[in-house]
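Engineer: Sequence:
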Amino acid sequence: LDMLQAMNTGHDGSMTTVHSNTPRDCISRLETLCLMAGMDLPAKAIREQIASAVNLIVQQTRLSDGTRKVTSITEVIGMQGDVVTLQEIFAFKKSGMDKNRKVIGKFVATGFIPKFIDELDAQGVKIPRGIFSVS
Numbered sequence: 005l006d007m008l009q010a011m012n013t014g015h016d017g018s019m020t021t022v023h024s025n026t027p028r029d030c031i032s033r034l035e036t037l038c039l040m041a042g043m044d045l046p047a048k049a050i051r052e053q054i055a056s057a058v059n060l061i062v063q064q065t066r067l068s069d070g071t072r073k074v075t076s077i078t079e080v081i082g083m084q085g086d087v088v089t090l091q092e093i094f095a096f097k098k099s100g101m102d103k104n105r106k107v108i109g110k111f112v113a114t115g116f117i118p119k120f121i122d123e124l125d126a127q128g129v130k131i132p133r134g135i136f137s138v139s
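Per the numbering used here, the sequence shown starts with residue 5, numbered consecutively.
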């Protein structure tokens, strides 16, 4: 909970590690960690803190060949009712195995343009919109 409160103080830029299986599980794990901290807050209040503090979830997965790859980049959109809403921006798509039994694949766009792109533009970070196009 201390981490979420610090991330919500208005200072830009935070990073943390959470062990979970999917971006959705990451949100649940953060909620569980807050509840384990003993704070008597309603679940919706904790979820609102998470949705406000976390912008992006980068998932790294150990693949069947033992290597680790980034497999998902997901934006935290906000809240819809009691649910933290997520939108995957990029995903790793496995296409097979090479002759050495290493996973091959590529990172692909989902077609979703993240809502934070305008904020990056305003700060002088120009990202071509084409990278978000489905090929």
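Treat the hints with care, as some may be off.
Across the chosen pairs, the derived CB separations fall in these ranges [unchecked claim]:
| id | residue 1 | residue 2 | range |
| --- | --- | --- | --- |
| 1 | T71 | G128 | 16 to 22 Å |
| 2 | M40 | D86 | 34 to 40 Å |
| 3 | L37 | N104 | 37 to 43 Å |
| 4 | D16 | V74 | 21 to 27 Å |
| 5 | G115 | L67 | 32 to 38 Å |
Since the hints were made in silico from the structure, they are not lab data.
Ideal Cβ positions, reconstructed from N, Cα and C, are used throughout, including at glycine.
Engineer: Now look at each hint and say whether the structure bears it out.
Structural biologist: Now the hints, each set against the structure:
The hinted window of 16 to 22 Å between T71 and G128 is violated, with their beta carbons roughly 35 Å apart. Our hint of 34 to 40 Å for M40 and D86 is violated, since their Cβ atoms are close to 20 Å apart. For L37 and N104, the hinted distance range of 37 to 43 Å is satisfied, since their beta carbons lie about 39 Å from each other. Range check, D16 to V74: about 23 Å between beta-carbon atoms, so the 21 to 27 Å window is met.
The supplied range of 32 to 38 Å is broken by G115 and L67, whose beta-carbon atoms lie about 24 Å from each other.
In the structure shown, a violation is registered for the earlier hints numbered 1, 2 and 5, in ascending order.
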